[in-house]
Amino acid sequence: MSKKITNTKTDKELIIEILLRLADDRLIHGHRLSEWTGHGPELEEDLALANVALDMIGHAAALYRYAAVIEGNPDEDYYAYFRDDIDFKNVAMVELPKGDFAYTITRQFLFSVYSYFLYEKLIETVENEQFNGMLQKHFKEIKYHLRHSREWVLRLGDGTKESHERIQNAFDEIWMYTGELFSMDETEHTAIEKNLFVDVSELKAPWLEFVKETLEEATLSLPDDDQYMFTGSRQGRHTEHLGHLLAQMQFLRRSYPDADWK
Amino acid sequence: MDTKEKSDVFQKRIDNGEKIEPKDWMPERYRKQLIRMMSQHAHSEIVGMLPEGNWITRAPSLKRKMVLLAKVQDEAGHGLYLYSATETLGVKRKDLVEDYLYGKAKYSSIFNYPTLTYADICVIGWLVDGAAIVNQTMLAKSSYGPYARANLRICKEESFHKKQGYEMLAKMAGGTPEQQKMAQDAVNRWWWPTLMMFGPPDEESPNSAELITWAVKTKTNDELRQSFVDRTVMEARKIGVTLPDPDLKYNEETGHWEYGEIPWDEFWRVIKGDGPMNRERLKARRKAYEEGAWVREAAMEYARKKKYREGKAS
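Chains R and B, in that order, give the protein sequences. Counting in our numbering, the first sequence runs from 1 upward without gaps. Counting in our numbering, the second sequence runs from 1 upward without gaps.
It should be emphasised that the hints constitute simulated quantities derived from the structure, not laboratory data. A quick note: this is a predicted structure, and the numbers were derived from the prediction, not measured. Mixed in with the good hints, there may be bad ones.
Derived EDC-like pairs (lysine to aspartate or glutamate); straight-line CA-CA distance at most 20 Å [said to hold, decoys possible]: (1) Lys63(B) x Glu217(R); (2) Lys163(B) x Glu235(B); (3) Lys272(B) x Glu253(B); (4) Lys161(R) x Glu297(B).
Between the sequences and the hints, there should be enough to build the whole structure, so can you do that?
Below, the structure written as structure tokens:
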């Protein structure tokens, strides 16, 4: 078979790679959501979006911390502040600029459905107790993120003509970034053998079913799934947006790396 | 009972330390003053999210990012329950909000200053929240029940914010030369505006006497300011930052720290709209409000449709 796996990663490298993929998704998404703080469409949403952002950054910090222990790095900040964009492993979807509220909600929804199915499967699979404990803890909050974003998809889809158009456009625009959520690479194939990861390509069907059902209820159309899909972010091939996000996020810490900032 | 008799009974209740609740009779002027004060307090929480929110995406560690995000989120929460408490006086949140965005209502002038470095975030926690705590601890004893309770809740969270800001500032003040410079510079910029947060001197405070008679406030602006200065001088010394007032000195007889002349011209100017950030703050809040209009409309329309469908189904 052409799918001959030539993995050279040690077990340690493998678990770090998996932890960083999960963490980077959450840090970058959380960062984008945090940009809404103080600028939300209503006070209740300022609270809710900040809450989701806080959860996601918290999940990332916990995953980084565990990676730091395994790898012998000083702390979680090493991964957030001292890597460049080609080292980040998040999917491109989460680094896209926040857009309008419909765009933010659509992204949060698509990502939360993915996270829901991913974590559900990971919890069944991962044997490493510490890792699994974290997943279980975060899963509870992911359910809330999913509920929050799903309710807004319904409100905006089945709200006014304007909100319907805005969120339909958001789904159409973001769809090309959903492909890589379900693409597998060598690292992931090997991680599956070690019970550290799951076959994400198998998550596509339940994900699509859930999204389809929500879109129907929201009177929205499912975008064409047979279209060009962006790929490569897990290998560090990002959009141009990530570099700007990191420049902002990292500047102070990198300007004075020897100072105590904790 | 005529109004005069009702007023007497009302004042007697206040003097006995009773709490006034939303359904109780109250003089129209008491209601008006409370709406003014409480909504101003709520607007301040909301506008206050902007200067601090300015550093969320640039906070220098994940821990500090989360601390700041949680703090700004708390402020949204304070705004929310202060608006709810104000609504018990028969007004609508939407009207109150539009009154500061497009009308004459005010918010605390302290938020019309920019946050230039990360040390500003620490100093806001220490000084601005510290001053707010002095004020709100008094307001937690306010005669109006819903306002007193809201302040009690706010104080607990503010104390936590102050502690976090003070601790990080201590770290910076004892840190690298660059951190020390940022810390001292931030203290220099925020000290005088913080003292102005307590309002004009007693002899120029138009509302104080009335508010004290009604026990909405129990202390005057100058009394509160003094109590803040007394505690802050010691805190500054402890972490090695200098308060930018050469006239600051301890008075053995009174047991208080005397401070120099507060730049009141600046205070009045910023209140009238000419501070470094007044226009930008309002612009940012108006933008959020106007760009959020379609979202709020959609939510209302969806709720209406849902109710209609449920009605039809049953």
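Is it true that the CA of Lys63(B) sits at most 20 Å from the CA of Glu217(R)? It is violated: about 40 Å lies between the C-alpha atoms, which goes past 20 Å.
Do the alpha carbons of Lys161(R) and Glu297(B) lie within 20 Å of each other, as the hint requires? 10 Å, holds
Satisfaction of hint between Glu253(B) and Lys272(B), Cα-Cα up to 20 Å: 38 Å, violated
Take the C-alpha atoms of Lys163(B) and Glu235(B), compute the straight-line distance between them, and say whether it is at most 20 Å. Holds. Lys163(B) to Glu235(B) sits at ~11 Å (cutoff 20 Å).
Of the numbered hints given earlier, the model fails hints 1, 3; all others are met.
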